[in-house]
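Going down the list, the protein sequences come from chains A and B. The working numbering applies: residue 3 is where the first sequence begins, and numbers increase by one. The working numbering applies: residue 3 is where the second sequence begins, and numbers increase by one.
Read the hints as simulated data drawn from the structure, not as lab findings. Note that the coordinates shown come from a computational prediction; the quantities given were computed from them, not determined experimentally. Where hints are given, some of them may not hold.
For identical chains, the list gives no copy identity; a pair is met inside one copy or between any two copies.
To be verified - Only pairs whose alpha carbons sit at most 25 Å apart, straight line, appear in this in silico DSS-like list of lysine-lysine:
| id | residue 1 | residue 2 |
| --- | --- | --- |
| 1 | LYS57 | LYS28 |
| 2 | LYS57 | LYS171 |
| 3 | LYS142 | LYS130 |
| 4 | LYS57 | LYS166 |
| 5 | LYS21 | LYS163 |
| 6 | LYS130 | LYS171 |
Number of protein chains: 2
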Amino acid sequence: MGGMYHAPVMRELMEQFGKLPGVGPKTAGRLAFFILSLSEREVEAFGAALVNAKKTMTLCPICFSLTDITPCQVCRDETRDRRLICVVEDTADVFSVERARDYQGLYHVLHGSISPMEGRQPEDLRIKELLARLTDGEVKEVILATNPDVEGETTALYLAKLLKPLGIKTTRIAHGIPVGSNLEHADAATLAQALEGRRELP
Amino acid sequence: MGGMYHAPVMRELMEQFGKLPGVGPKTAGRLAFFILSLSEREVEAFGAALVNAKKTMTLCPICFSLTDITPCQVCRDETRDRRLICVVEDTADVFSVERARDYQGLYHVLHGSISPMEGRQPEDLRIKELLARLTDGEVKEVILATNPDVEGETTALYLAKLLKPLGIKTTRIAHGIPVGSNLEHADAATLAQALEGRRELP
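Only chain A is shown next, with the shape it has when bound in the complex:
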């Protein structure tokens, strides 16, 4: 919204919206004015929803996903397969995997990925907590489902090396062409991985 005069309360609100991922200064301005079009009651409900979510959600002491109950919905579910742990970077990734509906094991949330560039070291992640979960011999396989970018791959390789001496099967989710997508739209790196990961048809 340029450098012209804005009321301090509006400038502050635009700054807050501007912190959200994917929201530039123009969108922030539009959102701030949208807020003024709501009733005071509606705006208070929005503010309360922000604070309530932050205050209520805590880390599951087992898998470290964000949850409103302890332990979380997945960890307390007796029907889940406790021999499998799927390792992801963030709690949002748990929901992505759950949406696929195929997975019935447990999770472990690292809370980030290794990135020497951005100063994120292995000790900043929930790695020793993962190792602690593997000591009782119940877990038979750890699926590394970190993101297929440089940081996620680095993290997966680091964990694979760490888990090898424990004698637990360690797997990495497959890379390839997204289902319903098109070869034409796939980038070279994805296609190279899809070719490398090819499997024989029955």
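Since the structure of chain A is already known, use the hints to place chain B on it.
Only chain B this time, still in chain A's reference frame:
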């Protein structure tokens, strides 16, 4: 984020984000999880910014733009040309025109446009307040800067007809703005051209 289990506080926060213009369910989920990555202090500041903006901003009793001071920054500015009133749909449009830097007159914010389809009638807009501003003979020209869409054009034609008997010059901003677009999204140069190319309505 699909139909799977979400904590009620997260579901509520996603719903609140989903009310924002241009935010679908997927983005709402992403934003809700982003909020949890902030500190409690940061989230409280966000919530306070929402409520403060809504509580502080009121309508200028002269031009009806949203303002934190009464009368607003423009109406109180003695250097502005009081013979000119630029009529816009929303307060955000005032900032769009200000960004063009070419305009030195006053404003009048209608708070919407005429849309029989959506049940918005002339009496729902700040039209009689505009007419009241034209009674003392100081205003020589009314520039109709409603959006160049069906509702905006309808509103401009309605106002032109209403103002004609008053003997005040009534102009419409030129179509330098892409038709079907929005004042808010126009760049400064286009808006400046649109203002310069304004024509008197017959």
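Quick check: which numbered hints come out false for this structure? 2, 4 and 5
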